[in-house]
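2 protein chains.
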Amino acid sequence: MMLTLYDCLESGNGHKVRHLLSLLGRDFKLVLKDIHKGETRTPAFLALNPDGRIPLLQLEDGRCLAESNAILCYLAEGTPFLPTEPFARAQTLSWLFWEQYNHEPTIAVARFWVHHLEMTEARKTQLEELHEKGRAALALMDRHLQAQDWLVGDGPTIADLSLYSYSSVSEEGGIDRAPYPALQAWLTRIEAQPGFIAMEPWSG
Amino acid sequence: MMLTLYDCLESGNGHKVRHLLSLLGRDFKLVLKDIHKGETRTPAFLALNPDGRIPLLQLEDGRCLAESNAILCYLAEGTPFLPTEPFARAQTLSWLFWEQYNHEPTIAVARFWVHHLEMTEARKTQLEELHEKGRAALALMDRHLQAQDWLVGDGPTIADLSLYSYSSVSEEGGIDRAPYPALQAWLTRIEAQPGFIAMEPWSG
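Chains as they are written, first to last, in our numbering: chain U, 1 to 204; chain A, 1 to 204.
Everything labelled a hint here was simulated from the structure, so no lab data went into it. Treat each hint with caution, since some may be false.
Stated by the list, open to error - With the C-beta cut set under 7 Å, the calculated list includes, among others, these residues of chain A facing chain U:
| no. | residue |
| --- | --- |
| 1 | C8 |
| 2 | L65 |
| 3 | A66 |
| 4 | L93 |
| 5 | Y101 |
For each residue, glycine too, the CB sits at the ideal point set by N, CA and C.
Here chain U stands alone, though its shape is the one from the complex (with noise of 0.2 Å):
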């Protein structure tokens, strides 16, 4: 027995917690979903995440938890990707919570109508808008990144695993990352650690 994912190889959600798996170097059975195909929209799969969404990890036990932030603070608990003294807890948190609101919603999903949607002029004017605010994303990371090497503390957090995914492929969507060289870096000493694994290339 032991961890199952539920996951989709372009999702930078998903490659957060293969991330953290392959740093702690924890087994899992990886199960693939086609997104494309409505595979995590079928009755069966809508038993396991009422939500509809990859990633999704499974127990031992056959119980689920959705939401890839909360499957990285679940399984970083005990370890030094997850702090735990209370304001360094609360930082990381703070983070994750910014990444999902602010980040994701504009890099990823630039990224994803860029290689999925057919691009009418209304949605031309909306990438434009999402530019801008991942821009402004990346921006408020560099500025913080010029201060310190990692988002919280000494040493690398889910903080900077979440972080990283969608981070590392905005050209995909669009976002060029060379005005941030303080992101840049870090993407880099992200890369340099043991077990890293990189965002999977486009399967088409």
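Go by the hints and put chain A onto chain U.
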């Protein structure tokens, strides 16, 4: 010396935090910021929160914590509002992340648009999309609450508090709650808790 909360009374994200502080019986200093006058984007405020948003919790020692749900976790640690059992804790976090990704960006944003933005034809179409997604979010909660009184476990947690605030005023954004009786009963249970505080009416 006490906690300081930078806030805006019409914000449900701020309400969550004031609600928990009230339930816990904690004193705090409230500093109101008018988001419509740019008071969270001044250099002085950005020095406290580079993201330029309320609510922002300032600790006794001056350190600041952003993101409403991270603030809830910080304040609830060691209280019954944040379970310690690992899976229940993970489920609580899962609802908090779900709230910021699926619930707030639809139900809270619809409420904001209706009150503050001119309704162009393009916005009317987008508002309909927000309503559809917001109703899906409330329907998911309603199905979950048909089987249990609280979102996680046998008593109220910060998952309930986080999702209460904007759910309780969904009609202000144009989303009727009549189709969701289990959700309505859950709102009533929360309102019966000692220390409950309601969302503020719109100041205009």
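Interface hint outcome for A:L65 [beta carbon to chain U under 7 Å]: holds, 5 Å
A:L93 as chain U interface residue, shortest Cβ-Cβ below 7 Å: Given a least distance of 4 Å, the restraint on A:L93 holds.
Interface hint compliance - A:Y101 to chain U, C-beta minimum distance less than 7 Å: holds, 5 Å
Cut-off 7 Å, beta-carbon criterion: hint that A:A66 touches chain U: Interface hint status for A:A66: holds (5 Å vs cutoff 7 Å).
Status of the A:C8 interface restraint (C-beta, 7 Å, chain U): violated, 17 Å
Against the hints set out earlier in the document, a violation occurs for number 1 only.
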